[in-house]
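Student: Read top to bottom, the protein sequences are chains A and B.
In this text, residue positions in the first sequence follow the working numbering: the first is 1, and each later residue adds one.
In this text, residue positions in the second sequence follow the working numbering: the first is 1, and each later residue adds one.
Note that these hints are calculated values from the structure, not bench results.
Check the hints yourself; a few may be wrong.
When chains are identical, the list treats them as one kind, so a pair holds in a single copy or across two.
List of simulated lysine-lysine pairs, DSBU-like, C-alpha gap at most 35 Å [to be verified]:
#  : residue 1 : residue 2
1  : K374      : K193
2  : K225      : K423
3  : K415      : K260
4  : K31       : K193
5  : K283      : K415
6  : K415      : K17
7  : K51       : K157
8  : K420      : K17
9  : K6        : K94
10 : K286      : K214
11 : K214      : K283
12 : K407      : K51
13 : K283      : K169
14 : K17       : K413
15 : K420      : K6
16 : K51       : K94
17 : K213      : K374
18 : K374      : K135
19 : K287      : K214
20 : K94       : K17
21 : K94       : K374
22 : K423      : K193
There are 2 protein chains.
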Amino acid sequence: MTLLIKDIDLLPINDLKEVIYGTNIYIKEDKICHIGEIREDVEVSRIIDGKNKLAMPGLINSHTHVGMSLLRNYADDLPLHEWLNDAIWPVEAKLTGEDVYWGSLLSMVEMIQSGTTAFCDMYFFMDEVGEGVEKSGMRSILTRGMVEDDDSDEKLKDTKELYNNWNGKADGRIKVMVAPHAPYTCSPEFLTKSIDLAKELDTGIHIHLSETKKEVEDSFKLYGKSPIKHVYDLGLFDLHTIAAHCVHVDDEDIELLLEKNVYPANNPRSNLKLASGFAPVDKMLKKRIPVSLATDGSSSNNNLNMFEEINLAALVNKAVNLDAISVSAYEALEMASINGAKALDWSDEIGSIEVDKKADLILIDMDKPHLYPKHNTVSALSYSVQGSDVDTVIIDGNIIMENREVKTLDVEKIKFMAEKHAKDLISR
Amino acid sequence: MTLLIKDIDLLPINDLKEVIYGTNIYIKEDKICHIGEIREDVEVSRIIDGKNKLAMPGLINSHTHVGMSLLRNYADDLPLHEWLNDAIWPVEAKLTGEDVYWGSLLSMVEMIQSGTTAFCDMYFFMDEVGEGVEKSGMRSILTRGMVEDDDSDEKLKDTKELYNNWNGKADGRIKVMVAPHAPYTCSPEFLTKSIDLAKELDTGIHIHLSETKKEVEDSFKLYGKSPIKHVYDLGLFDLHTIAAHCVHVDDEDIELLLEKNVYPANNPRSNLKLASGFAPVDKMLKKRIPVSLATDGSSSNNNLNMFEEINLAALVNKAVNLDAISVSAYEALEMASINGAKALDWSDEIGSIEVDKKADLILIDMDKPHLYPKHNTVSALSYSVQGSDVDTVIIDGNIIMENREVKTLDVEKIKFMAEKHAKDLISR
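Produce the complete structure using the sequences and hints provided.
Tutor: Pasting the structure below:
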């Protein structure tokens, strides 16, 4: 089974940092096996015409809560702590596994339709999320978000079971990490237990860090240091760490992130919507910290469209720094692809289009009026392309969407079931 | 000829500030003649099924340069003054009327496809833009942008001719105003000539004001006052004024805008991209200044998608003010509709869906996965809807787009001609 994408423009996201025009991509089973001239010696079972299309790596969403889409547009225009305590957490307490299953599938439809092929999730009822990932054909890091309470040991047990049930499953498209929610919801003792578990499982950590000013101020009051320094001192950064947000980080924090190869996941839209502020993305990128991009949950965004994050990352940092070359169009695309792969500890297999890497890629319809004229493809991808311009999605060599039709999921049923479960949930 | 939009959800943008679910809209010729229950006594010539759709006023883009789309993605990641002086103006000097015609039509296709029904344009070869507006069926304020030079008197003459040729034309869908480019490109004498011409023609002014920090600093050096105070003292604000940008305005400036009923046009994406900064939108709205929304030209954006501006206005002001209730979802929608109508001095006829107003409205396909579940329609419109969710566009009672098919323009030809003219222009 060899698939040929013929006569296509390609942004591979490699050291050349350039578009290759009119090339050919061969995919054998789950991998890219050749890029370049037509190979007469290879028998091809299927040809996709690449005319007027561009191939780029599938987008990687490095921090989200896919089950939360049931709460999209449910509570808006509230600050983070009020939004969590008064609106989100009381409803989340009523969620069932089935709710999370349908909410997660709704999120996966949306992610596929806007070009995301892999994501790192933090939520609960993660077995149900795993089932969704398996079914959808997507690639995912699953993490069971652990807010410390009377059931904390149970949550650590959940994580271990999640690891045993799902790590390496779905043809290797699923991995599991350990996710203490945040230093402001987990004591040092519980964070240490989480670290120990991650060591035992030989996996990484996914955690919220320094999202709001209040969180940082509270940390200084309680521990005399920033959240970053606090978890650094606990040894958390000795493990591979996806650090969601890193908005309120100072120069000392940034040095610690750099020293320990921590992977900050920047959520520009969520940080604006919850009035959290602006992460110092440009400063971190200049230090060669591979900041990745993420949507956060769709209830603080309110969508899971990574092209909007790319676009915003390339725009907002310019105004924050009053510097029009801050976070270039190309850097924003790297954040959403290769940097995301690094965050997910998966850059040996995904994040760029290269021979022997997994075939996780998207084809964009470049024939839309808003993509004319064709002066600069990289600019067009960062500043003009819409999520709805994604035509085809391939993950692990499988065609997951073609001509915008999702092949793996029953979209109409998912919309219906998500609506039903959302309404039930609110009135429960 | 009466058109009925049946069983539709409606956000009229009126004092109720609410969505009306499952209503009916009757359109007779160019006007809305009834909203509410089915009228058995009215003979209907055409019915549009409103199921799963939402009607809202057509979006109004209060500051753009539609001919500039030929330069979309041509020069990016540069600060405003360098971008203008070194990249844009040298190429613009080579533009022909035919270039502007095709660039403008390309912009109109894009605007229609993303739900914009009216725009205020500032450019040159404005006869060609007028021809495009007439053909496309859109509504527009045309202004001939005047940068002072040796030909300034010629430009004033152009404006007068533009007024005589086009004001009130295209079934009244075109009006003409006077557009001195900015205080930093026009002397006080030339600004005064422009004011006199606007008085003579009994029309308004369209001008760039306080876009960058540099511009304000230069104004203080040259005139000892801000650009706002400078033109206030010249009497410019005695006329209806659309003031594009107003990014670097202080409290005193805001008082002057308020005193003189000036209409600031906020261009959030352009201001980010050119690193101009953040306009104090929330502060101006709280003073009841009807700030409108705009895209600026697509070469500093890089598109003309008003839903992205709505979305950004509702998001970015929250983070700037560290206040999650700053610029609500509903306020952002008002900015893009009724406030835009006020800016264009057209709110007696457009900007809301009400009986006796012109039928300028759009129907949004609310059945997309990223718009589920249906908790809050206003939030969905501001935070989740994409430009590509616009299904139908009606302007002046005419169906301009239906099922995303543009009825008035030859989209394929326009893409081809815009590409050809863009390439010719660069190599000229």
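Student: Next, verify each hint and record whether it holds.
Tutor: Outcome of the hint check:
no.	hint	verdict
1	K374 <-> K193	neither (54 Å within a copy, 40 Å between copies)
2	K225 <-> K423	neither (43 Å within a copy, 57 Å between copies)
3	K415 <-> K260	neither (42 Å within a copy, 50 Å between copies)
4	K31 <-> K193	neither (38 Å within a copy, 68 Å between copies)
5	K283 <-> K415	neither (41 Å within a copy, 39 Å between copies)
6	K415 <-> K17	between (39 Å within a copy, 28 Å between copies)
7	K51 <-> K157	neither (51 Å within a copy, 48 Å between copies)
8	K420 <-> K17	between (46 Å within a copy, 27 Å between copies)
9	K6 <-> K94	neither (50 Å within a copy, 38 Å between copies)
10	K286 <-> K214	both (27 Å within a copy, 26 Å between copies)
11	K214 <-> K283	both (22 Å within a copy, 24 Å between copies)
12	K407 <-> K51	both (22 Å within a copy, 26 Å between copies)
13	K283 <-> K169	neither (37 Å within a copy, 53 Å between copies)
14	K17 <-> K413	between (41 Å within a copy, 33 Å between copies)
15	K420 <-> K6	between (43 Å within a copy, 25 Å between copies)
16	K51 <-> K94	between (49 Å within a copy, 32 Å between copies)
17	K213 <-> K374	between (42 Å within a copy, 32 Å between copies)
18	K374 <-> K135	between (38 Å within a copy, 25 Å between copies)
19	K287 <-> K214	both (26 Å within a copy, 29 Å between copies)
20	K94 <-> K17	between (47 Å within a copy, 31 Å between copies)
21	K94 <-> K374	between (50 Å within a copy, 19 Å between copies)
22	K423 <-> K193	neither (37 Å within a copy, 62 Å between copies)
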